[in-house]
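This is what each chain is made of:
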Amino acid sequence: DTEVTQTPKHLVMGMTNKKSLKCEQHMGHRAMYWYKQKAKKPPELMFVYSYEKLSINESVPSRFSPECPNSSLLNLHLHALQPEDSALYLCASSPTWIRRGPLYEQYFGPGTRLTVT
Amino acid sequence: TQLLEQSPQFLSIQEGENLTVYCNSSSVFSSLQWYRQEPGEGPVLLVTVVTGGEVKKLKRLTFQFGDARKDSSLHITAAQPGDTGLYLCAGLQGAQKLVFGQGTRLTINP
Chain A
1 DTEVTQTPKH
11 LVMGMTNKKS
21 LKCEQHMGHR
31 AMYWYKQKAK
41 KPPELMFVYS
51 YEKLSINESV
61 PSRFSPECPN
71 SSLLNLHLHA
81 LQPEDSALYL
91 CASSPTWIRR
101 GPLYEQYFGP
111 GTRLTVT
Chain B
1001 TQLLEQSPQF
1011 LSIQEGENLT
1021 VYCNSSSVFS
1031 SLQWYRQEPG
1041 EGPVLLVTVV
1051 TGGEVKKLKR
1061 LTFQFGDARK
1071 DSSLHITAAQ
1081 PGDTGLYLCA
1091 GLQGAQKLVF
1101 GQGTRLTINP
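Going line by line, the protein sequences match chains A and B.
Residue 114 in my numbering is what sits at position 114 of the first sequence, and the numbering runs on without skipping anything.
Heads up: take any position in the second sequence, counting from 1, add 1000, and you land on my numbering.
Warning: the hint list may mix true and false statements.
[Claimed, not checked] Simulated coverage check for chain A against chain B, where a stretch passes if three residues somewhere in it have a Cβ under 8 Å from a Cβ of chain B:
1) 65-74
2) 105-114
[Unchecked claim] If you want the ones that stay clear, here's a sample from chain A, every Cβ over 10 Å from chain B, calculated:
3) 4
4) 11
5) 12
6) 13
7) 16
8) 20
9) 77
10) 84
11) 85
12) 86
[Claimed, not checked] Partial list, derived from the structure: chain B residues whose beta carbon lies under 10 Å from chain A:
13) 1004
14) 1030
15) 1041
16) 1061
17) 1098
18) 1101
If you are wondering where the hints come from, they were derived from the structure by calculation, not from laboratory data.
Please read all numbers here as calculations on a predicted model, not as lab measurements.
Quick reminder that beta carbons are idealized off the backbone N, C-alpha and C, glycines included.
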């Protein structure tokens, strides 16, 4: 099973709202990722968690707050977003480099389409 | 950040034709992955290539990793309308960061 699930599928929020995106995987992967994808662009890395610890933050604004409560779950808390934050938010998971070396495959979820009004 | 240049950006061909998509960089990657993405969905992993000169086949799709591990290509034989989609190459930078090319939007006309 190579499934990564994400909820909700669609989210519309105002600039003063607080919402959360959720991601779950049961593949035993210990690395999880958040990506942002704007229309007609490739995914851009936001955060990486490895063994439930934040290992990479690609200079993402603090209005995005990631959380990894356990090895299967990844959340992205959203607060005071701007309209330009509207995008497809993708979660991915992978085995860690220690286990797989360069054969290091990331599996993506279906994404959450976020619209900020 | 290492850059991946993907070409062509857009390709529209007739069913039954062959095509090749290229992914080039001036930097060496430890591995390179190809994904296909449908509108509004997440990328789906097609293949990972690791060894310089490696060739992998997936039915009518052939993937090649350059000898120097700086470039890769995807060749589709006898394209079908079901092959329509966005094809993304992504190189592994370091141990955890995938760098994506800009993508090739492929349309196969019946």
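Results for each hint:
no., hint, verdict
1, 65-74, "violated (count 0)"
2, 105-114, "holds (count 8)"
3, 4, "violated, 8 Å"
4, 11, "holds, 13 Å"
5, 12, "holds, 15 Å"
6, 13, "holds, 18 Å"
7, 16, "holds, 27 Å"
8, 20, "holds, 19 Å"
9, 77, "holds, 20 Å"
10, 84, "holds, 19 Å"
11, 85, "holds, 18 Å"
12, 86, "holds, 14 Å"
13, 1004, "holds, 9 Å"
14, 1030, "holds, 4 Å"
15, 1041, "holds, 5 Å"
16, 1061, "violated, 16 Å"
17, 1098, "holds, 6 Å"
18, 1101, "holds, 7 Å"
Hint compliance for this structure: hints 1, 3 and 16 are broken, all remaining hints hold.
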